[in-house]
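A.B. asks: The lines below spell out each chain.
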Amino acid sequence: MTAPIDINGLTKRYGDAMALAGVDLGIDAGEYCVLLGPSGCGKTTLLNIIGGFADPSGGTLRIGGRDMVGVPAAQRPTTTVFQDYALFPHMSLLDNVGFGLRMRGVGRSKRHAKAEEMLDLVGLAGAGRKRPAALSGGQRQRVALARALAVDPDVLLLDEPLGALDLNLRRAMQDELKDIQRRVGATFVHVTHDQEEAMAIADRIVVMNAGRIEDQGPPERVYRRPATRFVAAFLGEMNFIPATVQAGRAVTAFGPLGPKTDLRDGSRVAVCARPEHLFPGAGETLGKATVRESVFQGSSRRVTVTPEAAPDTTLRAQLPVGMDAMVNDVLTLALDSGHVTLLEDA
Amino acid sequence: MKTTTRLLAVLAGTTLLTQAAAAQELNALVWCDHTDDALIKPFEDKFGVKVNLKEYEGTGAALSLIEQSQPGDWDVLVVDGIDVPRVVSAGILGPLPVGDLPYDSLFPEMVMEENHVIDGQTYAISEKFGYNTVSFNSAAVSAEDLSDMTALWSDNAPGSMAVYDYYVPVMGMVAMGLGIPTADITLDDLPAIEAALMKLKDNASSVGEVVSSQTAIATGEVDILFGGGEWVTAGLTGDLPDLDWLIPEQGAVRWSQSIGVFADSKQPDLAVEFVKHVLSPQGQAALATSSCYWAMPANRMAGAMMTDEQKAALRWDQQVDYLNKADLYPTPDADLDAAMQDVWTRFLAH
Amino acid sequence: MMRFAACATYMALLYGFIFLPVGVLALFSFQDGRFPIPPFQGFSLRWHAEVLGDADLIAALLNSLMVAFASSAMAVTLGFLAARAVATGRLPRAKAISAALTAPLSVSYLVIGLGLLASFNLMGQSLSLATVAVGHIVINTPLCFAICAAAIGPAQQSAERAARDLGASELRVMWLVTAPMILPALLAAFLLSVTFSWDEFIIAFLLSRFDVTLPVEIWSLLRSGLNPKTNAVGSLVFMLSAIAVLGVELATMRRK
Amino acid sequence: MSKTLTIEGRDRRRALALAAPALLWTLVFFALPFGVMAVLSLWQRTDQGLEAAWTLANYAKFASSPAYLQAALNSLEITVVVTVLSVALAYPLAWIIAVELPAKYRRLALALAVVPFWTSYVVRSYAWSLVLAKRGVLNGWLGDLGLPLMDLANSRAATVIGFTHFFTMLLTLTIYASLVQLPPNLRRAAADLGAGPVQIFRFIVWPLALPGVMVGAFLTFALCIGDYVTPQILGGGNDLALPQLVMLQIGRRADLPMAAALSIVLMAAVTLAYIAMARWMKEPSK
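Chains as they are written, first to last, in full-length UniProt numbering: chain A, 1 to 346; chain B, 1 to 350; chain C, 1 to 256; chain D, 1 to 286.
A portion of the hints provided could be inaccurate.
[As the list claims (entries may be wrong)] Calculated lysine to aspartate or glutamate pairs in the DMTMM-like style (CA-CA distance at most 20 Å, straight line):
| id | chain 1 | residue 1 | chain 2 | residue 2 |
| --- | --- | --- | --- | --- |
| 1 | D | Lys-134 | B | Asp-321 |
| 2 | D | Lys-134 | B | Asp-335 |
| 3 | D | Lys-61 | B | Asp-335 |
| 4 | B | Lys-41 | C | Asp-32 |
| 5 | B | Lys-41 | C | Asp-54 |
| 6 | B | Lys-311 | B | Asp-321 |
[As the list claims (entries may be wrong)] Pairwise CB distance ranges, derived in the manner of DEER restraints:
| id | chain 1 | residue 1 | chain 2 | residue 2 | range |
| --- | --- | --- | --- | --- | --- |
| 7 | A | Thr-60 | C | Ala-6 | 26 to 34 Å |
| 8 | B | Asp-145 | D | Val-39 | 50 to 58 Å |
| 9 | D | Pro-207 | A | Gly-126 | 39 to 47 Å |
| 10 | D | Val-28 | B | Gln-319 | 52 to 60 Å |
It is worth saying that the hints were derived from the structure and are not from the lab. C-beta atoms are modelled at their ideal positions from N, C-alpha and C, and glycine is treated no differently.
Extracted from the complex, chain A is given alone in its bound form (with noise of 0.2 Å):
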């Protein structure tokens, strides 16, 4: 029904590429895990090695405990599904959902039956006679979804799934995607190079840059104590203000910002806050600052400011609605320093 991952050291080189440089990664059975980073960072390449559409240059790979190296697609106790979907399209729906269980040698009433039943999961309930050409986007994505399902594997491998499908579709899609993996409890890996997908969805996300993992774990320690200023930035937007410390505080521009720390005096860091938590009023203060752009933004305003103790600095911040804030007014900004995030510069 479900599986762990273990991934220990694993490369892949291309060439003189490394696609991976040494990946460590374990993933719970039943857990939810988004691999995320921009296109390039390895992390189809290491979902396409899960899966055995390539083999490793180094390293071990066990689901369920058992070693996985040099185990052709077919005997692993995963399915994919495909970014294209590469549905069959001279097959019914049926016939689709239903393959790998004929390849299994599973009777056609049986099949059928499973393939009803995967249809009904992702929606598509009484549509099995159709073939792939009738179907939109959305509906696609649901069928390849309830092929790779239909033979209950351990893990289900998921490359960039929703990447085709508009936001509307995209946004609803991930939250049926997280019910039917609670439902199933298989072990979902998930591809994506949006965020806020992988925000959305995961139970554990693996932030990769580069052929490396920059930093993993849950979605809100992620967000909010990122490992590094790769993450940090990647995951939303950021204000970097840089720092040195002197005396187990980060010193700006403004003043000592931030929480204590370890570092010793004369490291120089980076005091890491997001827009959210920029707001005037009290705190820890940061003084006057121009505004320089102001966007509303529904739920939210969000402006850019000069502050006038550090006048080369652009920082962004997110007011709540209802406050104005028009170009040229002067705002007093603060830090709520319990969400702030001292990193040291590479």
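With chain A fixed as given, assemble chains B, C and D onto it according to the hints.
C.D. replies: Coordinates of chains B, C and D only, in the frame set by chain A:
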């Protein structure tokens, strides 16, 4: 739409151009032995014209080519001697000025008045002749084995064999072998001829036209070529001295080709000059030893222009004997011709 | 490993089959003797020299090139225009028209040639290289139409629409937008068309008179005497074409 | 001039104008000649020339003479054997090039597979006659190896080999084209769901590439059954094919009407093959 009109105009223009250009050109419908420069070039140089040659095989092919042409397209025709009456009656050939042509120096058998003269008008003149008989590789088969032609369609043929793919002479030969003179073939004789042909086909490994027959015997593919003769072997004896030919005791078929001028030729004088050129001793020598096939010139005077080796290969000195032993090509009327062609089609499909 | 070995063996066998006649042809074109058959008697360039010195063959080669290029240019033009008409989506009975335009593809060349022969005869049109070209346009237009139709997609449609919106006339849309966008397809159609025309025998045989194309000249060479000259023509034509094909291949590769 | 045109109406006219040249060409130089042939096939050849007899005599002659029927049968048999053999030989090669070979060698392998295409069709057939001749290259090798010699020249086998050579090249191209169009993810998806190589081929590749293969096979059929050169050069006059019979009518008898009738018969065979293929492809692929 405009493009098409313009294109059609261009096409029409090209046609006009080619037709206009044809004024300085002589168009001849010939057999492949007329295409050598040795024959054509002297004429072109002398008259400052271009000779256009279209090759064909078989009178039927010539007739369809002529039917698919416009009047005046052609000037000179080379055709089987026996088919001259047929093309004359179709109105294709015009009369020749007898006085200008070397009738007196032809081999007497080549005058063939019954073919060439119709209602007192001469329409064509013989230019080349030879025999459809048996060619063989003397290293593999002895002449004695071939002296009885019927052996070739018996149960034990003397060697591997190919058959020349032309119905008139080969069926004529088979008729001779069965004791029927070629002039006497009737519809009633066809079943016997067909039966012999089918046996012949069983013994033969291939049926082919001039070059494939040549190839077959020259490369050792077969030892015997039924329907062959000096026209297959003479040109090759320099390289392959073992190649030989003979006339079996039952006889063989004599073929001859004639040349004439089209009735609707736009330049009859030039056309007659071409005929005269081909019939001249030089022209005859070149024609006799053409690269396509060798055979006897119709004009005895050509001998003076040929080497002894060439004459030996053509058996120049034995012609009297050969001419006696050989019957002329069969001359079937339309019904017999159609029936013979049907037999031949069955022979090919057998 | 087994799989690799199986594939390699199969490829070797099939390439052997494919190249066998060409290799034999080329080998015996160097035969130092009268007969192009084993045993190989030694190396000679005599037959190649004879081919190059044969005015009829050279004339036929030039005729072939002329017919191939002229007929292909026309076929590509006709095919391209028709493909654009179908692609607009506004052509009435587009399906029937497409079917009619591709119909000649499935008709034997012999039948097309005979039909044209009889028709030209009826029209009083005498035969020439132009009539051969007409026949070759008939067989190549469907091909060019199909290739162009496959290449014109939604991308061209929207670019054309944009160009029209910006005031380009229909002719300029075609010349400045559509044609450059599907240039590779046009080129492919043209080259394929040239190849087919270059190699075509029976139509050229039936529809030509004195000026003939290379295949027809080779045909009469084949029936007028046994010698390795035929091999030499074949190998020379082969080398010429192979060089041309390689040249085009290299040129397109470099542009990429 | 007062007539107003809608935008769509103008577009339709414009489209028609674009299609007109090709249509006109096809009409004048393809459809019309075809009609001429059909009409001619009802005429008769007489001594005086062609006579508009309006008779089915030519067809009756075809249907009643065993030699003609035999020629049609020969053509059909040769064509079917060649088509099946060529597909069988070309498919694996196209597969290897499209799937097994690293992408960078594909173009080269494909180019190599069709290079002999450019030897000139007539010469290719002739080259085979050199290979297959009794004292030809093939038997030379067999003799050197101490193997029994083969008598392939001037036979149906020679015709079939010559044809198969040509059409294997052609089909390698067309089959490659339809194989390479298949998204590779389909094969991966099937493998992922547990299909082995044989099953992937049977359930995914074969049915999806089939239409392309069928079109290639049909073209092979149409071109092969109508070809005159190969059987004429390689068949050795032992196995008359329909196109040879057609050419015999013209070359030997100047009988254009009979040639036309036989051509119509030839086209009927191709049309039947086409209908069979279209029917077969329309049926659901199960």
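A.B. asks: The structure should be examined with respect to each hint, and the outcome stated for every one.
C.D. replies: Hints versus structure:
1. The straight-line distance between the Cα atoms of Lys-134 (chain D) and Asp-321 (chain B) is roughly 36 Å, outside the 20 Å bound, and the hint therefore fails.
2. Restraint check: the Cα-Cα separation between Lys-134 (chain D) and Asp-335 (chain B) comes to about 40 Å, which exceeds 20 Å; the hinted pair is violated.
3. A threshold of 20 Å between alpha carbons decides the hint, and for Lys-61 (chain D) with Asp-335 (chain B) the separation of about 15 Å falls inside it, so the pair holds.
4. For the suggested pair Lys-41 (chain B) and Asp-32 (chain C), the alpha carbons sit about 28 Å apart, so the restraint of at most 20 Å is broken.
5. Under the criterion of a C-alpha separation no larger than 20 Å, the hint pairing Lys-41 (chain B) with Asp-54 (chain C) is consistent with the structure, at around 14 Å.
6. The hinted pair formed by Lys-311 (chain B) and Asp-321 (chain B) meets the criterion: a straight-line CA distance of about 15 Å does not exceed 20 Å.
7. With their beta carbons about 32 Å apart, Thr-60 (chain A) and Ala-6 (chain C) fall inside the hinted range of 26 to 34 Å.
8. Between Asp-145 (chain B) and Val-39 (chain D) the beta carbon distance is about 54 Å. The supplied range of 50 to 58 Å therefore holds.
9. Between Pro-207 (chain D) and Gly-126 (chain A) the beta carbons are some 25 Å apart, a value that contradicts the proposed interval 39 to 47 Å.
10. Roughly 56 Å separates the CB atoms of Val-28 (chain D) and Gln-319 (chain B), a value that falls within the hinted 52 to 60 Å.
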